[in-house]
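J.: Listed here are the chains, written in short residue letters.
Number of protein chains: 2
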Amino acid sequence: MKKFVVHQLLHHAIITHPEQVIVSDGKVFTYKQFYTRVLKLANSLSKQGVKKGTVIGVLDVNSHRFLEMHYACSMLGAVLHTINFRLAPEQMVYSMVHAGDEWVFVSDVFAPAVKPLFSKFPHWVFMSDNRNQKLPEEAQKAFFYEDLLEQGEEKEVDETEKIEENDVFSIFYTTGTTGKPKGIQYKHHTILHGSIQLFHHLALHEYGARVSSRDVYMPLIPFFHIHAWGMAFFPIYVGAKLVLPGAADPAGQLRLIQKEKISWMNMVPTQLQMLLDQKGFGNIKVLTGGSPFASGIAKKAHQAGVAFSLIYGGSDQLGTAISIVPEDVDPDTEEALEWRRVGMRPLPLVEVSVKDKEGHEVPHDGETLGSVWVRSPWLPDGYYKEPEITKEHFIDGWFRTGDLGFFHKNHLLYVADREGDAIKSGGEWIPTGMLEALISEHPAVAQVAVIPKKDEHWGQRPLAVVKTSGKVDEKAISDFLLSKVREGKLAKFWIPDAFIFVDDIPLTSAGKLNKKVLRDRYSETV
Amino acid sequence: MKKFVVHQLLHHAIITHPEQVIVSDGKVFTYKQFYTRVLKLANSLSKQGVKKGTVIGVLDVNSHRFLEMHYACSMLGAVLHTINFRLAPEQMVYSMVHAGDEWVFVSDVFAPAVKPLFSKFPHWVFMSDNRNQKLPEEAQKAFFYEDLLEQGEEKEVDETEKIEENDVFSIFYTTGTTGKPKGIQYKHHTILHGSIQLFHHLALHEYGARVSSRDVYMPLIPFFHIHAWGMAFFPIYVGAKLVLPGAADPAGQLRLIQKEKISWMNMVPTQLQMLLDQKGFGNIKVLTGGSPFASGIAKKAHQAGVAFSLIYGGSDQLGTAISIVPEDVDPDTEEALEWRRVGMRPLPLVEVSVKDKEGHEVPHDGETLGSVWVRSPWLPDGYYKEPEITKEHFIDGWFRTGDLGFFHKNHLLYVADREGDAIKSGGEWIPTGMLEALISEHPAVAQVAVIPKKDEHWGQRPLAVVKTSGKVDEKAISDFLLSKVREGKLAKFWIPDAFIFVDDIPLTSAGKLNKKVLRDRYSETV
Chain X
1 MKKFVVHQLL
11 HHAIITHPEQ
21 VIVSDGKVFT
31 YKQFYTRVLK
41 LANSLSKQGV
51 KKGTVIGVLD
61 VNSHRFLEMH
71 YACSMLGAVL
81 HTINFRLAPE
91 QMVYSMVHAG
101 DEWVFVSDVF
111 APAVKPLFSK
121 FPHWVFMSDN
131 RNQKLPEEAQ
141 KAFFYEDLLE
151 QGEEKEVDET
161 EKIEENDVFS
171 IFYTTGTTGK
181 PKGIQYKHHT
191 ILHGSIQLFH
201 HLALHEYGAR
211 VSSRDVYMPL
221 IPFFHIHAWG
231 MAFFPIYVGA
241 KLVLPGAADP
251 AGQLRLIQKE
261 KISWMNMVPT
271 QLQMLLDQKG
281 FGNIKVLTGG
291 SPFASGIAKK
301 AHQAGVAFSL
311 IYGGSDQLGT
321 AISIVPEDVD
331 PDTEEALEWR
341 RVGMRPLPLV
351 EVSVKDKEGH
361 EVPHDGETLG
371 SVWVRSPWLP
381 DGYYKEPEIT
391 KEHFIDGWFR
401 TGDLGFFHKN
411 HLLYVADREG
421 DAIKSGGEWI
431 PTGMLEALIS
441 EHPAVAQVAV
451 IPKKDEHWGQ
461 RPLAVVKTSG
471 KVDEKAISDF
481 LLSKVREGKL
491 AKFWIPDAFI
501 FVDDIPLTSA
511 GKLNKKVLRD
521 RYSETV
Chain C
1 MKKFVVHQLL
11 HHAIITHPEQ
21 VIVSDGKVFT
31 YKQFYTRVLK
41 LANSLSKQGV
51 KKGTVIGVLD
61 VNSHRFLEMH
71 YACSMLGAVL
81 HTINFRLAPE
91 QMVYSMVHAG
101 DEWVFVSDVF
111 APAVKPLFSK
121 FPHWVFMSDN
131 RNQKLPEEAQ
141 KAFFYEDLLE
151 QGEEKEVDET
161 EKIEENDVFS
171 IFYTTGTTGK
181 PKGIQYKHHT
191 ILHGSIQLFH
201 HLALHEYGAR
211 VSSRDVYMPL
221 IPFFHIHAWG
231 MAFFPIYVGA
241 KLVLPGAADP
251 AGQLRLIQKE
261 KISWMNMVPT
271 QLQMLLDQKG
281 FGNIKVLTGG
291 SPFASGIAKK
301 AHQAGVAFSL
311 IYGGSDQLGT
321 AISIVPEDVD
331 PDTEEALEWR
341 RVGMRPLPLV
351 EVSVKDKEGH
361 EVPHDGETLG
371 SVWVRSPWLP
381 DGYYKEPEIT
391 KEHFIDGWFR
401 TGDLGFFHKN
411 HLLYVADREG
421 DAIKSGGEWI
431 PTGMLEALIS
441 EHPAVAQVAV
451 IPKKDEHWGQ
461 RPLAVVKTSG
471 KVDEKAISDF
481 LLSKVREGKL
491 AKFWIPDAFI
501 FVDDIPLTSA
511 GKLNKKVLRD
521 RYSETV
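So the sequence lines, in the order shown, correspond to chains X and C.
Using this note's numbering, count along the first sequence one by one with no gaps and you end on 526.
Using this note's numbering, count along the second sequence one by one with no gaps and you end on 526.
If you're looking for bench data, these hints aren't it; they were derived computationally from the structure.
Certain hints may be false.
Because identical chains share one entry, a pair is satisfied inside a single copy or across any pair of copies.
Think about it this way: if two alpha-carbon atoms lie no more than 30 Å apart in a straight line, the pair counts; the simulated DSS-like pairs of lysine-lysine are [claimed, not checked]:
1. Lys409 with Lys259
2. Lys385 with Lys3
3. Lys52 with Lys180
4. Lys385 with Lys115
5. Lys27 with Lys409
6. Lys357 with Lys162
7. Lys259 with Lys299
8. Lys155 with Lys355
9. Lys355 with Lys32
10. Lys162 with Lys187
11. Lys52 with Lys3
12. Lys299 with Lys492
13. Lys141 with Lys27
14. Lys187 with Lys3
15. Lys391 with Lys180
16. Lys357 with Lys32
17. Lys3 with Lys162
18. Lys300 with Lys261
Could you build all of it, start to finish, from the sequences and the hints given here?
T.: So this is what it looks like as structure tokens:
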């Protein structure tokens, strides 16, 4: 029986698609050439003492070198630490020390920022084409990536046969809006199974960001975040063309889309908004997610010919659910578009349960909110070296996501909010994510975050922090929401008590609204 | 972490699609109702002493009761023996004794045939709506299926939590054209992974029998054969409507297609030919396979609007490859149609190697024949209680299929023949499957089998046994093949030395040409 390990995908691809290509940084590599480079890299690292269990940190945007590191580490059994470059500097260092990084690979973009760390970690590799730079003397050993690669033999590494599917493949540290970053280890079979299953879900449903072997893929989600939501694996798994955007800005991304005929991308809603502002962007499939998706962006995307699907998941649960058009709904209707924004179906093999405070499943009635619990074959074991936090979230084979959601009557899931973000007003939940999506439907609202403010009578009441894109005031938004109350879209008591208008709303490293900062700034001040 | 076991699919389906339906024998069951019946059946069997490891034989066409047995056995950890009803009677009994059947479930269609066995196996269950029949006195215990089911409680069985993904789920006995039937045990995770992966392959490729959650499925492949090529699992996995044809003949199948709006079916080429003869059949997706597919049927199917794909695999290797239209070929061309007949791409995660006699991979040149070897995450461990035969086929993690094939230049696979069927003429292979496909392109040839005849000079020479559908003689077919030689489709020495015209060609239980019978009958006589 064959093992379910990451490098196996490449072994399969070079038999079925040796001439298929990976485009990165203006260069084109066939799968066969890519495989050759991976072999040389793995052999060279092996000669340098890298072996099963060695932890290697990589700090890079989405490049072919970062992708090569995925497959070389897999062949050696080394643990790939995909360093989260959106962490604050001291958190990033914390993650590198906590994970036990022995090697650090860093690309030009990030090299200046890590200078103070050269003496802290023993081995450094510079993923740069500029080999005239001086290598740091503080490090025990330092290499240019291409030099290291050139020193390797082009043969299978002996260690590869010994890698098991239950071995650790990679480690990643979540942002955490509070406290220190939490590490999550991914095993070969769990990261592969979980990553690829989300593309199976997409392939099995006809509308939205459906995938096929004919698509050309470009991930805007960085590799550090669940391996670009599985994009480090899937195109090679299906034998498709993969384009890596490096550090391209939205204009550069658009040029790549046009030049390389990209047909499928993943990105967070903020990135989608920026691309929608580029003239000529459209007619493409997009998987997005990370926060409730405002109907304004959804409509704008739809008008531009963006066939989108929304994903729900996270680094500590992997992919859980993706939005679909229910099979009894005509795909060409407004209703279908709305389902793709609010109706998530769990991936095959994933169980989702929404529970009330007593731990009972809530009725599937389209309104009763509860805590979202998830069970799947690819749940991680817990947080790395954090038994206490693990115990709070990984319970009896289930993962308590900390999200608040409900089931529609047709059993599709809606994730409304983080439990910690929801507002408890007079004993009733107000899900801020859902409320934000409604407020952002107002044409003059560019972005909005709803946070709680203390209230003597109700306990908490909602406060909206609004970034405008036109002339609008508190009364106009309240009136707009009252009209939504009449349409049955929200309860009257959800309407915020106060509005604050700001120039910019702070975001987290993952591009989500940074409610911690907003709460610190505004919760007590109104 | 959740276990990858069969009944888990049903647990998932009743959350996501409780109102989806299974249609069988004129009855309609929602998934929720189906689940209730499965629970009652499992509890009732548990009360009767069925437990983990109990072997239960089922002898039935594709019915809801047979499907219920899949999920009830899974919950109990009982081993489902899907009895191969196309075996000769004495072989069938051999398989039941060899597998260790303690219970036998039999439907009305097969009950008369098994009468002599009532005293041989202790427990019998009659899957019949006619409860006025007399139950056999020879059996230790005998029940009507619906009575047994009614006696069960509607609750989860305690045993269910203890079932592991490496536990045995089922056992099946292959026909074997020579010798006694060979048993293959399927574990939960291998049968699920292998079965479902073939549908992922179909979903990931745009042309042919692509599957989606909107399709309505009807399997003509019997459940005994790899659980209807995975159809016992996939519709429930994706939450789709499933229609079970029972013992319907082609006319009855067509009525079901029209009434239930079937959009996807699986079947062997013989069944496809019979359906194509029915007026009104077409505009449907079909997965077929089991033997090289003649271009005549392919064209006829295409003209009827049948979007077909061809599968290569077997009960001892599960699904291995499915035909595709290469990504650089326009799907609306004749070339695309031809690739769907002759160009198989291994399923993702499957490795296929075609080796010469020295064990080296043959060049991918579109002509060099070699032995087909397969490696996949779901290969069975070997043949049940047959260590010697196992050793001959399961070698170093690979399965030696015993098939002869080659790789096209674009790395798609063509399986040309069984090694034992190919003809060695003057030291060169003549693949009979491929030759048969060419001969059957002649408009007056209905069916053809090519077998070897002894030849003093060449060792072996081909002999064609032909069933005609019009006026044709030896010279006409030879001339036709000579024109194919000029087109570069075959080598001149492939043209058979002799032709025998017959009224009918014997088939095996799997619907393949029975070459053993033909060789016994004709090889020495010409």
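J.: Next step is simple, just say for each hint if it's right about the structure.
T.: We went through each hint and held it up to the structure:
For the identical chains of this complex, lysine 409 and lysine 259 are inter-copy neighbours only, at 28 Å across copies versus 44 Å inside a copy, given an alpha-carbon limit of 30 Å. Taking CA atoms no more than 30 Å apart as the test, lysine 385 paired with lysine 3 passes in both settings, with 27 Å inside one copy and 25 Å between copies. Only within a single protomer do lysine 52 and lysine 180 lie at most 30 Å apart by alpha-carbon distance; the minimum there is 28 Å, versus 47 Å between protomers. Within a single copy, lysine 385 and lysine 115 get their C-alpha atoms as close as 28 Å, which meets the 30 Å cut-off; across copies the closest is 64 Å, which misses it.
Only between protomers do lysine 27 and lysine 409 lie at most 30 Å apart by alpha-carbon distance; the minimum there is 26 Å, versus 50 Å within a single protomer. Only between protomers do lysine 357 and lysine 162 lie at most 30 Å apart by alpha-carbon distance; the minimum there is 29 Å, versus 46 Å within a single protomer. Taking the shortest Cα distances, lysine 259 and lysine 299 sit within 30 Å of each other inside one copy (26 Å), while across copies they are farther apart (38 Å). In the homo-oligomer, the alpha carbons of lysine 155 and lysine 355 lie at most 30 Å apart only across protomers (21 Å), although the nearest pairing inside one protomer, at 53 Å, exceeds that limit.
In this assembly of identical chains, the alpha carbons of lysine 355 and lysine 32 lie at most 30 Å apart only when taken from different copies (21 Å versus 49 Å within one copy). Taking the shortest Cα distances, lysine 162 and lysine 187 sit within 30 Å of each other both inside one copy (15 Å) and across copies (24 Å). Within a single copy, lysine 52 and lysine 3 get their C-alpha atoms as close as 16 Å, and across copies as close as 27 Å, so both meet the 30 Å cut-off. With identical chains, the CA atoms of lysine 299 and lysine 492 are at most 30 Å apart within one copy only, with a shortest distance of 25 Å there and 64 Å across copies.
Taking the shortest Cα distances, lysine 141 and lysine 27 sit within 30 Å of each other inside one copy (28 Å), while across copies they are farther apart (73 Å). For a Cα distance limit of 30 Å, the shortest separation of lysine 187 from lysine 3 qualifies both inside one copy, at 12 Å, and across copies, at 16 Å. Taking the shortest alpha-carbon separations for lysine 391 and lysine 180, only the intra-copy value of 17 Å comes in at or below 30 Å, while the best inter-copy value is 55 Å. For the homomeric pair lysine 357 and lysine 32, the shortest alpha-carbon distance between copies (26 Å) is at most 30 Å, but the shortest distance inside one copy (54 Å) is not.
In this homomeric assembly, lysine 3 and lysine 162 come within 30 Å of each other (Cα to Cα) both inside a single copy, at 10 Å, and across copies, at 25 Å. In this assembly of identical chains, the alpha carbons of lysine 300 and lysine 261 lie at most 30 Å apart only when taken from the same copy (22 Å versus 36 Å across copies).
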